[in-house]
Amino acid sequence: MMWKTTLIIYIFSASYISAILCNKYVLSVLQFTLPTLFQGWQTFTAATTIFAAHYSGHLQVRRLTPGGVVEWLPASLSFIGIIYAGSRALSHIPIPMFLLIRNSVESSIEISRWIVQRTLPGVQKLVGSVLTVLSAVALWQVDSQYDREGYIWLFYHMVFLVGYKLYAEFKSTELSSMEKLWCNSITSVVLLAPGSILLGHVQDAWDFPLLTHTHFHVAFLASGPLAACVGITGILVQEGTKFPDYISCTVKTLTILMSLMVFHVTLTTTAFLCILTGIAGEVLQKIDVQDFSARLDLKPEERTRLSSHSMEITTET
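In UniProt numbering, the protein residues as written are 1 to 317.
Calculated from the structure, these hints are not laboratory results. Think of the CB as a built atom: it goes at the ideal place given N, C-alpha and C, for glycine as much as any other residue. Mixed in with the good hints there might be a few duds.
Claimed, not checked - Simulated restraints on C-beta separations:
no. : residue 1 : residue 2 : range
1   : Tyr10     : Val70     : 35 to 45 Å
2   : Pro225    : Trp3      : 32 to 42 Å
3   : Ile152    : His264    : 18 to 28 Å
4   : Thr212    : Lys171    : 38 to 48 Å
As the list claims (entries may be wrong) - Here are the simulated BS3-like pairs of lysine-lysine, each with C-alpha atoms no more than 25 Å apart in a straight line:
no. : residue 1 : residue 2
5   : Lys165    : Lys125
6   : Lys4      : Lys171
7   : Lys4      : Lys125
8   : Lys4      : Lys165
Start from the sequences, fold in the hints, and give me the full structure.
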């Protein structure tokens, strides 16, 4: 029903923006930089939410088999690298820089594919992809709040993201997108829990100066349901709406703009122009008027086939 689709879109949009801002608040303002605990909580919430939704009949998810889990294990390990490195990076880097530089991964993969296959896309998509990559490179250089450690972690984050996307693209699997998310979340919990002990994060958490403060409890606990909501509704938007790329592009743009109002970010004129260029590049890359019109006439299963099945939990972050 149309109202259900509209509701899912609104929930995804609100939860995505809230999740990014909440993560940034916990990581940068409160300075709780223990990814094994922070991301462990978010993936635990995602795993239990999917299980509860499946058990109650609200989500159709098949039982995970050992063979399916092992087959998808390389992607799940990459997923852990994505969320761990992303959390480290976001604690040091402003949200606009983090999201726009991260966007260049998909554009770089697309450009590489065109070169290897010796094909040319439409002018709009080509220009958008090039602008996205160039703006990301420029932002890396002109960030007035440049933090070397943060950008090193962002580089690791992007490497894991490339590995995840390539494995998901070339490895055929019977797992649905929701089952992949469930598998990723369970694997993350299983590995991050002992990792928090081995890395000393549990002891560090006991020494955290804001451990007893209410605003820390609220923000930390809220990050879990928000991350789960982003992951689940993100897949529903990807597979159940006519133009998921347009929704994603709009929500990311709103997140960038809102982050500039919520958090203090020192921007030079050059950096601001790079941000605008990055946003324009993604708009050109994702929003094609002719494709938009064509998708309006597609059946749901055809839209699902055309949509990419990359899952971006901000747990991504």
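For this session: Against the structure, test the hints numbered earlier, and report the numbers of the ones violated in rising order.
Result: Structure breaks hints 2, 6, 7, 8.
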